[in-house]
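Colleague: Listed here are the chains, written in short residue letters.
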Amino acid sequence: MRRVAVAGAVVSLATVLVFAVAGPGGQWEGVDKTVVAKFAEEAGRPPREPYINTDRGDLLLFLFLLAGGAGGCVGGYFFRELFPPKTRDGSGRKDG
Amino acid sequence: MTVRWEKAAYVLWIVALALLPGRAYGMHISEGILPPGWAGFWFLVAAPFLVLGMRDLRIRAGRAPHFKTLVGLVGAGVFVVSCMPIPVPTAGTCSHPCGTGLAAILIGPGQAVIVTSVALLLQALFLAHGGLSTLGANIVSMGVVGGYLGYGAFLLARKVRAPWPVAAFLAGLLSDWGTYAATSFSLSAALAGGGSIAALFRMILAAFVPTQVPLGVFEGFLAAGAYRFIRTRRPELLELPAEGWAP
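Chains as they are written, first to last, in my numbering: chain A, 1 to 96; chain B, 1 to 247.
Chain A extracted, bound-state conformation:
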């Protein structure tokens, strides 16, 4: 797990550095825009507005924060029950 943590940190930092060097101006768009929407617009069928548009300021971000906080607390509180630590013989669950 230590190696995974270190590798994850290194990869994430390297990615952030790439972002910092390249700059986000117009880049790093999703392939839904660079591929799907591009071909759809060329064919004369651009994407339309969603029926429910939740893109209202930071409201969605706030809802994600609430959901993430609640989910994280519950998941963290029950983590040992969800994923008990390995036994010495590697047979899986410590408890029954």
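Hints were generated in silico from the structure; no laboratory data involved. Yeah, the Cβ is synthetic: ideal placement off N, Cα and C, and Gly gets one too. Treat each hint with caution, since some may be false.
What the hints assert, rightly or not - List of simulated lysine to any residue pairs, SDA-like, C-alpha gap at most 25 angstroms:
| id | chain 1 | residue 1 | chain 2 | residue 2 |
| --- | --- | --- | --- | --- |
| 1 | A | Lys86 | B | Phe221 |
| 2 | A | Lys33 | B | Phe218 |
| 3 | A | Lys38 | A | Arg48 |
| 4 | A | Lys86 | B | Pro165 |
| 5 | A | Lys86 | B | Ala226 |
| 6 | A | Lys38 | B | Leu127 |
| 7 | B | Lys68 | B | Phe218 |
| 8 | B | Lys68 | B | Phe126 |
| 9 | B | Lys159 | B | Glu239 |
| 10 | B | Lys68 | B | Pro35 |
| 11 | A | Lys38 | B | Pro85 |
| 12 | A | Lys86 | B | Leu237 |
| 13 | A | Lys38 | B | Pro35 |
| 14 | A | Lys38 | A | Gln27 |
| 15 | B | Lys68 | A | Pro85 |
Said to hold, decoys possible - Residues from chain B shown here face chain A by an in silico Cβ test under 7 angstroms; the list is partial:
| id | residue |
| --- | --- |
| 16 | Pro87 |
| 17 | Leu125 |
| 18 | Phe126 |
| 19 | Ala128 |
| 20 | Ala207 |
Start from chain A and add chain B according to the hints.
Modeller: Below, chain B alone, put in the same frame as chain A:
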């Protein structure tokens, strides 16, 4: 390495991920792109898989009531993973993994279709990610093609005695690539007009390649890592799919 350094690495990881740009999506076909005929066609293609999945869920939940809890947990995972933008420096774009290959080997391909349809419906309703009219096409590419292809790759790899991590890696890799190939096909079939569907399919697929080839490899490692973790900590969960899926 001391525990302090290990904790610091985790914190650094989380902070770095939090600094990544937020809004970036992937294979979901947005609202209004597919003509009504094609949108209806993909709903018809998805329908039998949804019916089979629901039947499978009822049978297996009858045998093991906690199976529904596992399906819910895996569904939450698919929802999050298929919203998660991953920057691909080689292409300069972002895309997301699908999670359906891993879902299929954990709960079976029928259930992968069910959890994918729920995740896609929520994303279409509340996140402007995908669309209601294109839900059928997105279910087919991500749930049906991704789920069944990942599951098939896993079974085949195990049949030729490949190690567990390799089989899980192939499930993640091929489910990702298969999903984007299916999206390319549904787009090219709907948008070709009087032109060649095959030619447009090749063009769209080629446009996905710089982003999806590395991302598919990432999804393979993600599936292998998650599968290994569950196999180590909760091996009994992996016996549930072995109890047999109904279709």
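Colleague: Straight-line Cα separation of Lys38 of chain A and Leu127 of chain B no greater than 25 angstroms?
Modeller: Roughly 21 angstroms separates the two Cα atoms, so the pair holds.
Colleague: Check the hint pairing Lys86 of chain A with Pro165 of chain B against an upper bound of 25 angstroms on the C-alpha distance.
Modeller: holds (18 angstroms)
Colleague: Holds or violated: Lys68 of chain B with Pro35 of chain B, Cα cutoff 25 angstroms?
Modeller: violated (36 angstroms)
Colleague: Is Lys68 of chain B within 25 angstroms of Phe218 of chain B, Cα to Cα?
Modeller: violated (28 angstroms)
Colleague: Does Lys68 of chain B pair with Phe126 of chain B here, judged by a C-alpha cut-off of 25 angstroms?
Modeller: holds (24 angstroms)
Colleague: Should the interface hint for Pro87 of chain B be scored as holding, given a Cβ-Cβ cut-off of 7 angstroms against chain A?
Modeller: holds (6 angstroms)
Colleague: Between Lys38 of chain A and Arg48 of chain A, does the CA-CA distance stay at or below 25 angstroms?
Modeller: holds (13 angstroms)
Colleague: Just to be careful: measuring from the Cβ of Phe126 of chain B to every Cβ in chain A, is the smallest value less than 7 angstroms?
Modeller: Hint holds; Phe126 of chain B Cβ to chain A Cβ min 6 angstroms, cut 7 angstroms.
Colleague: Sort out whether Pro35 of chain B lies within 25 angstroms of Lys38 of chain A, counting only the CA atoms.
Modeller: holds (16 angstroms)
Colleague: Hey, Lys86 of chain A versus Ala226 of chain B, does the alpha-carbon distance stay inside 25 angstroms?
Modeller: holds (15 angstroms)
Colleague: Does the nearest C-beta of chain A fall within a distance shorter than 7 angstroms of the C-beta of Leu125 of chain B?
Modeller: holds (6 angstroms)
Colleague: For the pair we were handed, Lys38 of chain A and Pro85 of chain B, check the Cα-Cα distance against 25 angstroms.
Modeller: holds (19 angstroms)
Comparing the model with each numbered hint stated earlier shows that hints 7, 10 do not hold.
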